[in-house]
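Asker: These are the residues of each chain, in order.
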Amino acid sequence: MWEALEQTGWVKTFGGTGWMYASVSVIHYLTMFWFIGSMAVVDLRVMGIAARKRDLSELATQLFPWAWTGMVLAIISGFFMFATAAGDWAPDPVFHVKLLMMGLSIVFAILVQMFAPKWAAAPEIPAWAKVVAAIALLLWIATILTASEIPAMEGLG
Amino acid sequence: MHGLLVGFAKWLEGTPWGTGVRTSLWAYPFTQLIHFTGLSIWLGTNLALDLRLLGVGKRRETAAELRDDLFAWNWIGFCIVVLGGFLLFSSTATTFLVNIAFQWKLGFFVPAALLWHIFVQWKAREWGTTQETPAIAKFSGLAEILLWVCVITAAVEIPNH
Numbered sequence: 001m002w003e004a005l006e007q008t009g010w011v012k013t014f015g016g017t018g019w020m021y022a023s024v025s026v027i028h029y030l031t032m033f034w035f036i037g038s039m040a041v042v043d044l045r046v047m048g049i050a051a052r053k054r055d056l057s058e059l060a061t062q063l064f065p066w067a068w069t070g071m072v073l074a075i076i077s078g079f080f081m082f083a084t085a086a087g088d089w090a091p092d093p094v095f096h097v098k099l100l101m102m103g104l105s106i107v108f109a110i111l112v113q114m115f116a117p118k119w120a121a122a123p124e125i126p127a128w129a130k131v132v133a134a135i136a137l138l139l140w141i142a143t144i145l146t147a148s149e150i151p152a153m154e155g156l157g
Numbered sequence: 001m002h003g004l005l006v007g008f009a010k011w012l013e014g015t016p017w018g019t020g021v022r023t024s025l026w027a028y029p030f031t032q033l034i035h036f037t038g039l040s041i042w043l044g045t046n047l048a049l050d051l052r053l054l055g056v057g058k059r060r061e062t063a064a065e066l067r068d069d070l071f072a073w074n075w076i077g078f079c080i081v082v083l084g085g086f087l088l089f090s091s092t093a094t095t096f097l098v099n100i101a102f103q104w105k106l107g108f109f110v111p112a113a114l115l116w117h118i119f120v121q122w123k124a125r126e127w128g129t130t131q132e133t134p135a136i137a138k139f140s141g142l143a144e145i146l147l148w149v150c151v152i153t154a155a156v157e158i159p160n161h
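Residue numbers (my numbering), protein chains in the order written: chain X, 1 to 157; chain W, 1 to 161.
Think of the hints as simulated: they come from the structure by calculation, not from any bench.
One should not assume that every hint holds.
As the list claims (entries may be wrong) - Simulated pairs of lysine-lysine, DSSO-like, Cα-Cα distance not exceeding 30 Å: (1) Lys138/W / Lys118/X; (2) Lys53/X / Lys10/W; (3) Lys130/X / Lys58/W; (4) Lys118/X / Lys58/W; (5) Lys58/W / Lys123/W; (6) Lys53/X / Lys138/W.
Said to hold, decoys possible - What the simulated footprint calls covered on chain W by chain X, stretch by stretch (three residues with Cβ under 8 Å from a Cβ of chain X suffice, anywhere in the stretch; the number is not a length): (7) 36 to 49; (8) 54 to 67; (9) 113 to 125; (10) 148 to 161.
We put the CB at the ideal spot given by N, CA and C, even for glycine.
From just these sequences and the hints, can you work out the full model?
Answerer: In structure tokens:
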């Protein structure tokens, strides 16, 4: 199935055309930095070490829509890159760890967004909220690490 | 000047950190992690301000408020980027030095984007006091986004040269 995807007409054209693959790589990096950075600031705000004088829910409302937009673009561009060598990527164990880390990161990002208004309304941001935000942040860092490990360990990408 | 740069690059490769990042199996991806984590914080906060100046997305905060909120972590991110980038460069400095894409990246686009960013961040306090930003703010925000796109494009092209 993955080999078949790799052999699809548009995937072969896309993977074989230098500027197309490069453009999508640029989109992938740009949108990835953009959304992880936006989410990281909210996590740091929950932890009490960023933008302390700004109300948490105000900051979250400002940053989260950009973060989700960036993430969708990063996933779409990532899928294009994956498709060009789908047969190699799909069975790769380090890539599986990356996807797992990404999935967990998304779950925690949703938690932070869901609870942000509640935490902001409390007299003080609860300690468990800070733990959740710290885990969310660490999971994104773990996602970046596993992404960097793929070329180092598997020679892919 | 060129001789000096080459001498410096050779020296960097011979330093314990240059050799370490190059030869150790785990150090390279971890150094990349430093660079990419820094880039997420740095570019994430840059683009947030640029987009707010452009007027794209939510307008819960003014650009001036957002600029103040993001200022500290923006520059913390920058320091992390520089640390990771310096270590990556040290590992194979002589190869980077003669790479045309790297020359464009560090010799032109990074300084241009950085100076433009400082200008935008400085002026955002003045441009961003109202919900609707002036045309010059929109232009400046868009220009900064395009400059960072150029930086990333040059970076992506490094392995192809």
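Asker: Taking the hints in turn, state whether each one holds.
Answerer: Right, here's what the structure says about each hint:
no.: 1; hint: Lys138/W / Lys118/X; result: violated, 34 Å
no.: 2; hint: Lys53/X / Lys10/W; result: violated, 47 Å
no.: 3; hint: Lys130/X / Lys58/W; result: holds, 25 Å
no.: 4; hint: Lys118/X / Lys58/W; result: holds, 20 Å
no.: 5; hint: Lys58/W / Lys123/W; result: holds, 21 Å
no.: 6; hint: Lys53/X / Lys138/W; result: holds, 26 Å
no.: 7; hint: 36 to 49; result: holds (count 11)
no.: 8; hint: 54 to 67; result: holds (count 6)
no.: 9; hint: 113 to 125; result: violated (count 0)
no.: 10; hint: 148 to 161; result: holds (count 8)
The structure is inconsistent with the numbered hints 1, 2 and 9, although it conforms to all the rest.
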